[in-house]
Amino acid sequence: MTNRLAIEIARLKLRNPTMLAAGILGLSGASLREVIENGAGAVVTKSVGLKPRQGYPNPTVVQVSCGLLNAMGLPNVGVQDFVEEIREVKQFRANVPIIVSVYGFSAEEFAKVARVAQKAGADALELNVSCPHVKKTGSEIGQNPSLVAEVVEKVKAVVKKPVILKLTPNVADVAEVAKAGVKAGADAVTAINTVKAMKIDVETAQPILANKIGGLSGPAIKPVAVRCVYEIYEAVNVPVIGCGGATTWQDAVEFMLAGASAVQIGTAIASVGLGVFKSVTKGVDSYLRRKGFGSVKDIVGLSHRR
Amino acid sequence: MKIVSIRDETPTIKSFTFRDRIAAKASPGQFVMIWIPSVDEVPMSLSTIDSKKGAVSITVEKVGKATSRLHRMKVGDVVGMRGPFGRGYILTKARNVMIVGGGTGLASLASLTEEIAKQKGRKVTFLLGAKTYSELLFLKRIKTVLSTMNHRMVVTTEDGSYGIKRLVTEPTEQLLAKEKFDMIYACGPEQMMHKMFLLTEHFKVPFQASLERLMRCAIGLCGTCVIGKFRVCRDGPVFSREQLREVRNEFGHFKRGFDGRKTAL
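As they're listed, the protein sequences go chains A and Z. Counted the way numbering that gives the first Met the number 0 counts, the first sequence spans residues 0 to 305. Counted the way numbering that gives the first Met the number 0 counts, the second sequence spans residues 0 to 264.
Excised from the complex, chain Z in its bound form (with noise of 0.2 Å):
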């Protein structure tokens, strides 16, 4: 599959856009398998996905081997892709909806708010964060959805460059504290996602996170990916607050490597 387009989003952070009716057809939340030949596969959220046009997108930080040589690659380069794949975002009747992303967690929750603004009477509270500044994904496309609906947007650096000066749990919690919300969805760190959870078991409201574990076969067999009894390429990657306190004691406290040992999160 040729990479059609590349875009720098961050420093450390690139789209990659390729033609691919298939993939296309996936809704928010779902994800692919990239094949970069001789280095490796990973699993990728789609940030965009054009049912229209038959184009989707990954957004990509550059953490290792692999991202790093996607990273290096240009404009009709090839690699491999395998997907769709898992449960993306359950789209409910939710009115007052709550979304919270924290650095590329963001990939996801993009196209998951443009499918939320095409439906009328929708209020969107849209809670994004970053350690800092220049690392706030998606930052102008969610303004640009969000300025088409009833909306809030709180913004919260690590440093304080930008926004407030917070976790984005924090204003989360005093927004619960005094707003009822009919939907939660997150996605980012593990512990952000794990702080959301237990906000939202507290205020009792209904909740999705998309999770993130090691990936080998993306179709529920090889079970490199577990979480409890689910595997999160394929009871996943997002979860209902109900799935998650199944699971609550793995669940933000460790995760599996490739041999299946756990380390701490």
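Chain A with its partners taken away, still in its complex shape (with noise of 0.2 Å):
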């Protein structure tokens, strides 16, 4: 490996393009350590927030052909106890940014679990006005810009490090709410986060999850968050990190190409097992060589060239 895959976002300096999906694994120091170890450019933690919550009963998974369906409902043991976990991730290794996701259920709440969390060692925040399936916060934000930007505005103001913005793909314009976003200071945008879907169980006649409703992941899912990262990269001048069921090297490739800096991955962890960052990134890696490309920079966004 060489550092032609090296890559710079929002201040944040990756080995590679490949992180860690928030809501995977992320939930204790010792499991985003063994992402790290499987050689993650940089990871996401799961959702946090200002309190302790439960999640929803199970089941809070399905397994559905091409991917799969949840509603965990934010599970999390609240930022204050957090703490320990992110400080055990960055004494580990420091040179992987770690990435804490962050929710609430106002843009006051986002602003002081932030804080939190930066001074706690977050290398920068990713802001999750995107879950689709706990009522009051999440994509009920994230689909209405001018609630997206007083987030963006309220945590800004109360923290140095880099804030990214993850974005559902359940609204009719996702670029016009990136570009709500960037305008009000977000450093980099992700996309996608699930898009809201359900499964009934046909001998019962019942919604299978907990909660009914959930949200899709895995590779049903990719040619939609594709879309969105090309057309929020045509939109905004800031680095747009691209999620969504991203298994192989070539999905990476595709994302890139569509205007990702970075791919996050998550869903591929049950099918192929924490061994995909490695293949994704030793993919990536050939395929800039075999393409005579110089740094994985130099294919972000490549697709828009007409």
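The hints are simulated quantities; they were obtained by calculation from the structure and are not laboratory data. From the three backbone atoms N, C-alpha and C, an ideal C-beta is built for every residue, glycine too. One thing to keep in mind: the hints can contain errors.
Unchecked claim - Quick list of simulated restraints, FRET-style, between CB atoms:
(1) E107(A) / K61(Z): 29 to 37 Å
(2) L264(Z) / H303(A): 54 to 62 Å
(3) A176(Z) / K134(A): 58 to 66 Å
(4) K61(Z) / Q79(A): 34 to 42 Å
(5) T91(Z) / Q53(A): 52 to 60 Å
(6) Q79(A) / A263(Z): 15 to 23 Å
(7) N95(Z) / A93(A): 42 to 50 Å
(8) K277(A) / R247(Z): 26 to 34 Å
(9) C65(A) / S37(Z): 21 to 29 Å
Given two chains presented individually in distinct reference frames, assemble the corresponding complex, making use of the accompanying hints.
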């Protein structure tokens, strides 16, 4: 592996363009360390809020063809208790960015949580304004450009570290939301969170998820994610991070050609295993070499060339 | 998935049998996720795995809402099943084998013992423990399978109502002190398995134990079941002595709630 894979996103230096997506593992310092050991260029934690949350009762996950449906309900220890987990990761490997995913039920809450996370050592914050299955937060904020702008402004007012905005695809115009967030100060944009979806069991005639409605991830949503990245890349002048079903190096390259500076990986950890970070990284490296690109930066947004 | 038969094992434990060709390909120690519509979805070890008939059973102690609901179900009622998941027990060439089971831990150990009995030249020392006689799970089943091979069996109850009045780990320690075992398998309460781990570290004997943690996704994504660097649903539920050594600050000490907070064991 060479340094042609290294890339900088909103002042964050990544050894390669793969990242652990929010919500996957990421609840304990030890499991984040394990993901770093397995080669991720950066890790995003599970979303943390001001107070501990149990999340929804099971079933919280349904396996569907080409994807995975989940409604976890934002389970987390609360940011105060999460501080020790953040510190554990920082002590382990200071040169792999740890990005703390933050949610709140108001802009003020987002800001409070972000401040504690930054103090604990977070290298950046990713604002979860896109979770599709918890009321009064997530995509209920992320579907409204002015609420998104308010959250970004309140967070930017209290933290110095880069602020990444994670967007929901469950809107008519994702680029419009991205623009509002960037105008309010977001340093980068992650696209996309899960696609609102559900699954009904035919034997019992019941929705399987305890919350009935959840979010779809995995290969099924990748074309949606690639389209969102493509549209956002044309609309804003900050880095875009691709997220949604990336499983192979071809997926990662596709996201980057659409405009992503890095690619988050989540559901593929179930199908491929933790080795997915290395297999994607290796594949991207071979692609760059084969195509004669000196740096991974050279392919970001390349499909927009007319 | 329809329940095809139900069996009372003890006053608090029932077994439920299903026909499922995919689950019937599982190995001992693997588990399935059982969805009880409108109630919950819970992980359950497979207590019988019949690949010929394509049937599997789970053995369930009535402890909470989901298991109580399951206990009220009848033959023909429908539940959902995902799996099998995880890594089961690894069968080795070990000749002198010890198996230590407590409570519902017997669920996975019974099918393991039946698997070991299929191989020639094995000697099995089985230690079976429970609080009281009526809660000794699979006593007859274990006796039956052991009778087909070179074996020794020790039964303990905490109240002395059957066998010897001891914790199951006590006779284990005496046996380990005087005999060389090639492999030890354990499943039961975590304190028991932790004690076994310490004993096998002391006597330097290969060891595998099946752990239990809260679970959600069962496919290694959500992080609910993590113990140190491992995901119990995917890297386990069966772990080796070497793996347990890597998580010794956590194993036997605390587990995490659904919100990820730690509670002492």
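Hints, one by one, checked against the model:
no., hint, result
1, E107(A) / K61(Z): 29 to 37 Å, "45 Å, violated"
2, L264(Z) / H303(A): 54 to 62 Å, "55 Å, holds"
3, A176(Z) / K134(A): 58 to 66 Å, "60 Å, holds"
4, K61(Z) / Q79(A): 34 to 42 Å, "37 Å, holds"
5, T91(Z) / Q53(A): 52 to 60 Å, "40 Å, violated"
6, Q79(A) / A263(Z): 15 to 23 Å, "19 Å, holds"
7, N95(Z) / A93(A): 42 to 50 Å, "48 Å, holds"
8, K277(A) / R247(Z): 26 to 34 Å, "28 Å, holds"
9, C65(A) / S37(Z): 21 to 29 Å, "27 Å, holds"
In this structure, the hints that do not hold are numbers 1 and 5, in rising order.
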